[in-house]
Amino acid sequence: MRPERVDRLATVIVLSLAGIVGMVVFSLLIYILAMGIPHINWHFLTAEAESFSAGGGIRDQLFNSLYLVVLTLIVSVPLALCAAIYLSEYAPANRWTQGLRLAIEVLSSLPSVVVGLFGYLVFVLQFGFDFSLLAGALALTILNLPILTRSCEDALRQVPYLQRQAGLGLGMSKWRVTTKIVLPAALPGIITGTILSAGRIFGEAAALIYTAGQSSPAINYADWNPFSPTSFLNPLRPAETLAVHIWKVNSEGLVPDARAVSNGSAAVLIITILLFNLIARYAGHRIKQHLTK
Amino acid sequence: MEDLKKRLTQPSIESKQEWFGKLISYLAMILIGGLVGIILIFLTLKGIALFKDNGVGVWHFLSGTDWQPSHHHYGALPMIVTSFSVTVLSGIIALPLALIVAIAITEMLPERVYQYLQPLIELLVGIPSVVYGYLGLTIIVPYLRQVFGGTGFGILAATCVLFLMILPTMTSMTIDSFRAVPQKYRQASIGLGATRWQTISRVIIPSAKNGVLTAMVFGMARAFGEALAVQMVIGNTTVIPKGLMESSATLTSVLTTGIGNTVMGTASNNALWSLALILLVMSLAFNLLMRLSSKKGAR
Amino acid sequence: MQTKTALETKNLQVLYGEKHVAHDINLKFPQNQITALIGASGSGKSTVLRSLNRMNDDFATVKGEINFHGVNINQPKVNVYRVRQQIGMVFQQPTPFPMSIYENVIYGLRLTGEKDRRVLDQRVEESLRQAALWDEVRDQLKASALALSGGQQQRLCIARTLAVRPEIILMDEPTSALDPVSTSQIEDTLVQLKKHLTIIMVTHNMQQASRSADWTAFMHQGHLIEFDKTDTIFMNPHEQKTADYLSGKFG
Numbered sequence: 001m002r003p004e005r006v007d008r009l010a011t012v013i014v015l016s017l018a019g020i021v022g023m024v025v026f027s028l029l030i031y032i033l034a035m036g037i038p039h040i041n042w043h044f045l046t047a048e049a050e051s052f053s054a055g056g057g058i059r060d061q062l063f064n065s066l067y068l069v070v071l072t073l074i075v076s077v078p079l080a081l082c083a084a085i086y087l088s089e090y091a092p093a094n095r096w097t098q099g100l101r102l103a104i105e106v107l108s109s110l111p112s113v114v115v116g117l118f119g120y121l122v123f124v125l126q127f128g129f130d131f132s133l134l135a136g137a138l139a140l141t142i143l144n145l146p147i148l149t150r151s152c153e154d155a156l157r158q159v160p161y162l163q164r165q166a167g168l169g170l171g172m173s174k175w176r177v178t179t180k181i182v183l184p185a186a187l188p189g190i191i192t193g194t195i196l197s198a199g200r201i202f203g204e205a206a207a208l209i210y211t212a213g214q215s216s217p218a219i220n221y222a223d224w225n226p227f228s229p230t231s232f233l234n235p236l237r238p239a240e241t242l243a244v245h246i247w248k249v250n251s252e253g254l255v256p257d258a259r260a261v262s263n264g265s266a267a268v269l270i271i272t273i274l275l276f277n278l279i280a281r282y283a284g285h286r287i288k289q290h291l292t293k
Numbered sequence: 001m002e003d004l005k006k007r008l009t010q011p012s013i014e015s016k017q018e019w020f021g022k023l024i025s026y027l028a029m030i031l032i033g034g035l036v037g038i039i040l041i042f043l044t045l046k047g048i049a050l051f052k053d054n055g056v057g058v059w060h061f062l063s064g065t066d067w068q069p070s071h072h073h074y075g076a077l078p079m080i081v082t083s084f085s086v087t088v089l090s091g092i093i094a095l096p097l098a099l100i101v102a103i104a105i106t107e108m109l110p111e112r113v114y115q116y117l118q119p120l121i122e123l124l125v126g127i128p129s130v131v132y133g134y135l136g137l138t139i140i141v142p143y144l145r146q147v148f149g150g151t152g153f154g155i156l157a158a159t160c161v162l163f164l165m166i167l168p169t170m171t172s173m174t175i176d177s178f179r180a181v182p183q184k185y186r187q188a189s190i191g192l193g194a195t196r197w198q199t200i201s202r203v204i205i206p207s208a209k210n211g212v213l214t215a216m217v218f219g220m221a222r223a224f225g226e227a228l229a230v231q232m233v234i235g236n237t238t239v240i241p242k243g244l245m246e247s248s249a250t251l252t253s254v255l256t257t258g259i260g261n262t263v264m265g266t267a268s269n270n271a272l273w274s275l276a277l278i279l280l281v282m283s284l285a286f287n288l289l290m291r292l293s294s295k296k297g298a299r
Numbered sequence: 001m002q003t004k005t006a007l008e009t010k011n012l013q014v015l016y017g018e019k020h021v022a023h024d025i026n027l028k029f030p031q032n033q034i035t036a037l038i039g040a041s042g043s044g045k046s047t048v049l050r051s052l053n054r055m056n057d058d059f060a061t062v063k064g065e066i067n068f069h070g071v072n073i074n075q076p077k078v079n080v081y082r083v084r085q086q087i088g089m090v091f092q093q094p095t096p097f098p099m100s101i102y103e104n105v106i107y108g109l110r111l112t113g114e115k116d117r118r119v120l121d122q123r124v125e126e127s128l129r130q131a132a133l134w135d136e137v138r139d140q141l142k143a144s145a146l147a148l149s150g151g152q153q154q155r156l157c158i159a160r161t162l163a164v165r166p167e168i169i170l171m172d173e174p175t176s177a178l179d180p181v182s183t184s185q186i187e188d189t190l191v192q193l194k195k196h197l198t199i200i201m202v203t204h205n206m207q208q209a210s211r212s213a214d215w216t217a218f219m220h221q222g223h224l225i226e227f228d229k230t231d232t233i234f235m236n237p238h239e240q241k242t243a244d245y246l247s248g249k250f251g
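So the sequences go chain by chain: D, X and Y.
First residue of the first sequence: 1, per this note's numbering; consecutive thereafter.
First residue of the second sequence: 1, per this note's numbering; consecutive thereafter.
First residue of the third sequence: 1, per this note's numbering; consecutive thereafter.
These are calculated hints, taken from the structure and not from any lab test.
We treat Cβ as the ideally placed atom computed from N, Cα and C, and that holds for glycine.
Honestly, I wouldn't trust all of these hints.
Partial selection, computed: residues in chain Y whose CB lies under 8 Å from chain D [claimed, not checked]:
hint, residue
1, Phe59
2, Met89
3, Thr95
4, Tyr107
5, Arg129
6, Trp134
7, Arg160
8, Val164
9, Arg165
Required output: the full structure, derived from the provided sequences and hints.
Structure below.
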């Protein structure tokens, strides 16, 4: 066959196959959303989940998911940022640094179920946190650290060396140069990376079923004392998240409207992650604009 | 002058800042390094308890086909076989399709299409695996039941779910490695009279080969470690599968269902930790593989 | 040498890993004078310049002595930050920080904890005047420094360095990224500045060296070949290599 004909044939085949794959994947996405969105209403978002009867909502699960993201970020952002600063600003080029990079890579390749089991072993049993938000947040931190460290390091490395040099030439300490010059310039990247990682941990389930637990005891949203056992802020209470809820309802759930609840929850999950992605883009963009004004 | 000498040799506020900065960034790093060490040590210790304390032979564990913890039969082979089967199958299906979609997007369709599709692919990458599992449960399993009969649960259903889950990630990584091929290669090839397809097949794919390989290993590593999505559709019977429609169980699915139903420290619990150790070792192996495949690219 | 010495190097050597990039450099930089370091690319002149205020600490091994007011500042126990405050540096590319002109100038001062508004205002004006930028920016001190032209940005960077009141300023090809008009403005500025301080600069531009430097050191492949008054170097060099370089035989 002449090359021109092969080219035309290949183009047709590739485009049509890619089109089919795209159509299938996107129709599944649309399907989930279309099945779920009709179930989303004020009642669904604000009612408690039911254990045995239909008509339950996802109020607590949704709140738990969001609260867990916040707790995880509180632990992981400072750690990841400091580690990224070490890697991009201080790390000497030697074996020790290579070993640390390898360690981070190993951390990022751990399956989330393994991280969950480690969390169960150490945080839940050893530290005696029981099934709790705290144990869940620590497990999610392990999952989140490598990704966040990498995106923070990338953001820091994007800042031109000239800027650092100018600061050092004025007699500033490296730490000062990092915090006052490099960090502000890298902020858009760091914030984008953080929000994207938040979206990822928002949907995590495997690491949570044995750390944050699979139950959601009654909580009181008027109780702002984080030490009170029924307070919604108490980090030591067990907390089922939205993703865990979908799994639970489907694998061992006893509610008659499991399909409806899962459809709605799945749609809420996807929409929230979409929001995270959009906010990440928008926030990074806005801060960049603000800085260059 | 003495004053200046002193100023030059004595620590200042900058020295203190520097000391502080070094301290906290080194601490963070030590913490992470230590965490990794502790994870590896803990899981290893727990994982070998079955062999050390309960007297089960390593080889027996790895090659036994009978998994009945309640009767003290600890043969992990069925789960190992199933885990590898679903991983390899989903990887083999996903690779060519990821390649095709990436070629279409980077080499054939206008740049504008990529701009529109990129956020969508990002969203698909970000969709939690539980949702993919749920999709499998509500669409794929009933469909397979209709077509092939039986329950619908099994290896094929798990493969489909994993394929759907890793396809966006692999596609996005493949797109990245195609876009990293310098534009001048394309121009040079077309300048020599090559058609677009010749350019793609002879220049672009070879030069992006390592990136594509890394994408495949990354996707398969994710598939191997995925727990809940698989557990929801695979049927969870711990026998060596004889066909694609057979109900089966992977390392991860057994772990997911088992840990909550066993008591810490018992042999049947230790056996589960040994499965976790296999997972850990495999994820390290995938990591090594990824390093190898991406390093080759740095020629 | 009739004048006092501001900075002196004794057997200064710089190594990047195993690679020797400067051998046994012995130089006495005269006070309140402009000294130019010239030489081909890769002759080690920038490396030597950056070693003088320890900017090379992270990248290279620097051996030998650098004496400043009787203190060898090339020792680990010396406070590098104070050294850099005394021996400032201006780089090839203008590097204003993304903030206002005013904030840029007082950036170094803020580090030392100076808060008194009058002192800061006064220092901004003084530094900008010394850098010959005051008349152009006096009405827009609050505007972003990034809006200035390249030449103005470079003079701003000079002002920023001056604001900490260093005794010596090191300049690494300060005009190579600028147009001819800005270049001559900066050269004029330098001649004015030497009343207050000592300037050591690396330049690729022979005219620049002959126009503005009082002293010139010629380096070749990591060695100091010749160091003398600029007139002597250009009119009457003692070394054949210097003459060859200046007549364009290599470089």
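Against the structure, the hints come out as follows:
Because the beta carbon of Y/Phe59 sits about 10 Å from the nearest beta carbon in chain D, more than 8 Å, this interface hint is broken. For the restraint placing Y/Met89 at the interface with chain D, the shortest Cβ-Cβ distance is roughly 4 Å, inside the 8 Å limit, so the hint holds. Proximity of Y/Thr95 to chain D holds as hinted, the smallest CB-CB distance being about 4 Å (cut-off 8 Å). Checking Y/Tyr107 against chain D: minimum C-beta separation of about 7 Å stays under 8 Å; hint holds.
With a cut of 8 Å, the hint placing Y/Arg129 at the interface with chain D is violated, because the nearest CB-to-CB distance is about 19 Å. With its C-beta approaching chain D no nearer than about 20 Å, Y/Trp134 sits outside the 8 Å limit, and its interface hint is violated. The closest approach between the C-beta of Y/Arg160 and any C-beta of chain D is roughly 7 Å, which is under the 8 Å cut-off, so the hint is satisfied. Interface hint status for Y/Val164: upheld, as the beta-carbon distance to the closest one in chain D is roughly 6 Å, under 8 Å.
Taking 8 Å as the C-beta contact cut-off toward chain D, the hint placing Y/Arg165 at the interface is violated, the least distance being around 11 Å.
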